[in-house]
Amino acid sequence: MIKKLAVFLLSLLGISILLTIIWINGAQVQYALLFKPAAIFMFKTLGIHKSGLNFVLEHFTNLIPYIALCLSIPNTSWKKKLTRLGYGLGILMVVHFTLIIAVSKVYSVYSNSETAYIFIFPMFIINDTLPLLLWFLFFSNEVLSFFKRKT
1 MIKKLAVFLL SLLGISILLT IIWINGAQVQ YALLFKPAAI FMFKTLGIHK SGLNFVLEHF
61 TNLIPYIALC LSIPNTSWKK KLTRLGYGLG ILMVVHFTLI IAVSKVYSVY SNSETAYIFI
121 FPMFIINDTL PLLLWFLFFS NEVLSFFKRK T
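Per this note's numbering, the sequence shown starts with residue 1, numbered consecutively.
Quick caveat, the hints were computed from the structure, so don't treat them as lab data. One or more hints might be untrue.
Distance condition first, Cα-Cα at most 25 Å in a straight line; then the derived SDA-like pairs of lysine to any residue [said to hold, decoys possible]: (1) K79 with I91; (2) K44 with E58; (3) K4 with T20; (4) K79 with T98; (5) K50 with K3; (6) K36 with S108; (7) K3 with S16; (8) K79 with L18; (9) K36 with L71; (10) K79 with L63; (11) K4 with M93; (12) K105 with T45.
Start from the sequences and build out the full structure, keeping to the hints where you can.
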């Protein structure tokens, strides 16, 4: 149990550092560009005149812990890891796009007011905790095995 948890934590640390370096060196910008065509269409459709992308961009970093958590699970086949990783990334991308639109709409209406903050803050909390929730959802048996005693 302790050895398995130690392997997991060391893997998590190493993968997180590697992914952070990749993210900082260009992946963040490339990821944001994936949403540009659809976001522009939605902005026009919904009458959004101010983009809240600058507020949202930093919250896309939740991809890093999700990927690191999924890849660090020990004693799980790569097929299972990658399949569950793919499902979670799909969900996170939909949430990120929704966050861009929702924050931009709030920002367009309320600018930098306290009211905007009251609407936007819960969206960010949900987005930022989602990787942990998805990881537990998709890997609950594996996570719980860290805390089971051998019989």
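Now for the hints, and whether the structure bears them out:
no., hint, in the structure
1, K79 with I91, "19 Å, holds"
2, K44 with E58, "24 Å, holds"
3, K4 with T20, "24 Å, holds"
4, K79 with T98, "29 Å, violated"
5, K50 with K3, "51 Å, violated"
6, K36 with S108, "17 Å, holds"
7, K3 with S16, "20 Å, holds"
8, K79 with L18, "21 Å, holds"
9, K36 with L71, "28 Å, violated"
10, K79 with L63, "19 Å, holds"
11, K4 with M93, "31 Å, violated"
12, K105 with T45, "11 Å, holds"
Of the numbered hints listed earlier, those contradicted by the structure are 4, 5, 9 and 11.
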